[in-house]
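J.: Sequence:
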Amino acid sequence: MKDRVYISDISKHADQEVKIQGWLYNKRSSGKLWFLQVRDGSGIIQAVVFKGDVSEEIFQRCEKLTQESSIVVTGKVSEDKRAPSGFELQMKDIQIMHLAEEYPISPKEHGSTFLMDHRHLWLRSSKQNAILKIRHEVVRACREFFDSQGFVLIDAPIFTPNACEGTTTLFETDYFGSKAYLTQSGQLYMEAGAMAFGKVYCFGPTFRAEKSKTRRHLTEFWMIEPEVAFLDLDGDMDLAEDFIIYIVQRVLENRRAELELIERDIAPLQKVTKPFPRISYDEAVAILKKKNIEFEYGSDFGAPDETVISGEFDKPLLVHRYPARIKAFYMKSDPEQPDKALCVDMLAPEGYGEIIGGGQREDDLETLEKKIKEHDLPKEAFEWFLDLRRYGSVPHSGFGLGIERAVTWICGLNHLRETIPFPRLMNRLNP
RNA sequence: UCCUCGGUAGCUCAAUCGGCAGAGCGGGUGGCUGUUAACCACUAGGUUGUAGGUUCAAGUCCUACCCGAGGAGCCA
Numbered sequence: 001m002k003d004r005v006y007i008s009d010i011s012k013h014a015d016q017e018v019k020i021q022g023w024l025y026n027k028r029s030s031g032k033l034w035f036l037q038v039r040d041g042s043g044i045i046q047a048v049v050f051k052g053d054v055s056e057e058i059f060q061r062c063e064k065l066t067q068e069s070s071i072v073v074t075g076k077v078s079e080d081k082r083a084p085s086g087f088e089l090q091m092k093d094i095q096i097m098h099l100a101e102e103y104p105i106s107p108k109e110h111g112s113t114f115l116m117d118h119r120h121l122w123l124r125s126s127k128q129n130a131i132l133k134i135r136h137e138v139v140r141a142c143r144e145f146f147d148s149q150g151f152v153l154i155d156a157p158i159f160t161p162n163a164c165e166g167t168t169t170l171f172e173t174d175y176f177g178s179k180a181y182l183t184q185s186g187q188l189y190m191e192a193g194a195m196a197f198g199k200v201y202c203f204g205p206t207f208r209a210e211k212s213k214t215r216r217h218l219t220e221f222w223m224i225e226p227e228v229a230f231l232d233l234d235g236d237m238d239l240a241e242d243f244i245i246y247i248v249q250r251v252l253e254n255r256r257a258e259l260e261l262i263e264r265d266i267a268p269l270q271k272v273t274k275p276f277p278r279i280s281y282d283e284a285v286a287i288l289k290k291k292n293i294e295f296e297y298g299s300d301f302g303a304p305d306e307t308v309i310s311g312e313f314d315k316p317l318l319v320h321r322y323p324a325r326i327k328a329f330y331m332k333s334d335p336e337q338p339d340k341a342l343c344v345d346m347l348a349p350e351g352y353g354e355i356i357g358g359g360q361r362e363d364d365l366e367t368l369e370k371k372i373k374e375h376d377l378p379k380e381a382f383e384w385f386l387d388l389r390r391y392g393s394v395p396h397s398g399f400g401l402g403i404e405r406a407v408t409w410i411c412g413l414n415h416l417r418e419t420i421p422f423p424r425l426m427n428r429l430n431p
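Numbering (the numbering used here), first residue to last: 1 to 431.
One or more of the hints may lead you astray.
Unchecked claim - Restraint-style ranges between C-beta atoms, simulated for each label pair:
(1) GLN337 x PRO84: 33 to 41 Å
(2) THR273 x HIS415: 24 to 32 Å
(3) PRO84 x ILE158: 42 to 50 Å
(4) ARG28 x ASP147: 40 to 48 Å
Unchecked claim - DSSO-like mimics (lysine-lysine), calculated; alpha carbons at most 30 Å apart, straight line:
(5) LYS211 x LYS327
(6) LYS179 x LYS211
(7) LYS76 x LYS19
(8) LYS133 x LYS274
(9) LYS274 x LYS211
(10) LYS51 x LYS81
None of these hints come from the bench; they were simulated from the model. C-beta atoms are modelled at their ideal positions from N, C-alpha and C, and glycine is treated no differently.
Start from the sequences, fold in the hints, and give me the full structure.
T.: Here it is as structure tokens:
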């Protein structure tokens, strides 16, 4: 009886007879010889069979085999430099569990719309497989980073009541006759969590109903948001820096093969080391001015501006102290220059743009009440949030990392839609 | 919401000045004992996004609409 072996472990079984359960990725023949590329989710291996070596029936099974048919193959593992992976299976037997219908995704090129329409099948392709394994590594690294530092996971609600930040467009749902909205951030709830547990984070889906049609936007994306009591802006930037370094290191350590498969140049990732450059909004504006780029002081940076600014550095860049006017109401003003907010954005290198947004929160009750008024927000909805400033208010900070944007940068991809299993975009709700 | 580009075979794309609708891949048939997105030969496969219009003649020009792409704004 042969033991079932995963292809990722095949090198440990050289010269042994093993059983592989998987699907036919591709096949090639040369007359009385078949080469079957078999995948099982953990990897791909080539199975070889000569006509004279097996029964006529087994050889004919290979002939009628279609792409993505599910199969069980047994044979001896042998090291062979002619095989794509360096190892191949000398086939002794093959069982067809299900003969697949004509598979829509052929080994040649396809357009992104077609592939996204077949996302449920496209996930089987080796490149998509590699990207989502890297995503998994990023998610695991995020959790381990915070877990190992005493953070408590506090999940924020998905349904939220009226109002919130009031900036972005929210998805509205019917909630037993009244309106509820899908969360655009767990941050306000994390502030409550930080006052209860000291260090907390949440990790979950986030929804934005913006009609953004770009390579950097999803309507449903995943965000991890830490929040820490007694932490100022500088400490927040330290945390974000250590966090990103940890994630990138983990991917470099554990997913090197996947990075190679998607042909990611790892040199820029190897440069992600302490310390990251930190510049103020004013310094960033100076860079734009020096490059003769038209920019109105006081406004927010557009995506092309961010590319120019981050292009001056070969590491992730921290830009802090934006004008308070263009930032959310809960941002704390800089006591030394009250028109600036104690906020920070992290811009990924290589033109990938913003991956982190965060900062120090306003902790003074009166100031926060004033800001709610200035932003024309309904005070009643924020009474619970104001309570956090009534009962033992302390300085606190946090940030949010967009998982898909981070994975897009780490993988060096052109579009973030490949970094989530089933992307939700303005024009895509299927499959 | 605005701007730009696009929609031709199952898929990816060609089609010159408006003049017979083409190729590769995939499918089918046959060949090949080391293939690497294998290769070679043959073969089937079309309401050119929809509706109008101009013309002897429209994939090609005009109008409207539908759908898609990625950029702006907004953001992670």
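J.: Which numbered conditions among the earlier hints are violated in the structure presented, ordered from lowest to highest?
T.: 1, 9
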